[in-house]
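Using the sequences and the accompanying hints, generate a full structural model.
Just so you know, the protein sequences line up as chains Y and W, in that order.
Counting from 1 along the first sequence, just add 738 to a position and that's the residue number in our numbering.
Counting from 1 along the second sequence, just add 116 to a position and that's the residue number in our numbering.
Hints may be right or wrong, so weigh each one.
Here are the simulated EDC-like pairs of lysine to aspartate or glutamate, each with C-alpha atoms no more than 20 Å apart in a straight line [said to hold, decoys possible]:
no., chain 1, residue 1, chain 2, residue 2
1, W, Lys-161, Y, Glu-839
2, W, Lys-158, Y, Glu-839
3, W, Lys-158, Y, Glu-785
It should be emphasised that the hints constitute simulated quantities derived from the structure, not laboratory data.
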Amino acid sequence: QVQLQESGPGLVKPSGTLSLTCAVSGGSISNNNWCSWVRQPPGKGLEWIGEINYSGSTNYNPSFKSRVTISVDKSKNQFSLKVNSVTAADTAVYYCAKGVEAWGQGTLVTVSS
Amino acid sequence: DIQMTQSPSTLSASVGDRVTITCRASQSINSWLAWYQQKPGKAPKLLIYKASSLESGVPSRFSGSGSGTEFTLTISSLQPEDFATYYCQQYNYLWTFGQGTKVEIK
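Here it is as structure tokens:
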């Protein structure tokens, strides 16, 4: 059974860069499923950020424009998210997912000085 | 972009009630639709994938139907542990989520 675990700083300063990593265990990141990032601001709904496959092809939510970068490290069986120029509006619980069936537990990232 | 419109936004029901939540896509997504249950402080839990396939371990009182642009999630007999927020999600092209339906105790 595939398990995912997000990690990274819980506090980021405004205008800084949010960086998170998702470690995949119990299965290879190189199977057919795309790996995604989803976020949920406090008290709000789910928002898809973007996805990457094992070969490094990416798709992003246009609403993030060019602020987001998703990358994969097959040697470590993990993938990562970077969001540039963050503001308080980027405060959210960030989830990683592999396909639709496997999700991490989520990690809260607060943007504040 | 594919938009997902979910209704109602809030639903008040009693234990034992039959509950139906609707999700409408702005264009055809074939059957590439998932339903999730989310409880406070927890990650979304997959209930249904490919519109009508029940995820392993999910009680059979949950069912999904539909294709194209109209989909429904039905809970045949609401149980105390089912009070939660439910989201639909299309994965035909990228991902889009519905706004969510909070199922409350009546």
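Here is how each hint holds up against the structure:
no.: 1; hint: Lys-161(W) - Glu-839(Y); verdict: 8 Å, holds
no.: 2; hint: Lys-158(W) - Glu-839(Y); verdict: 15 Å, holds
no.: 3; hint: Lys-158(W) - Glu-785(Y); verdict: 16 Å, holds
Of the numbered hints stated above, none is contradicted by the structure.
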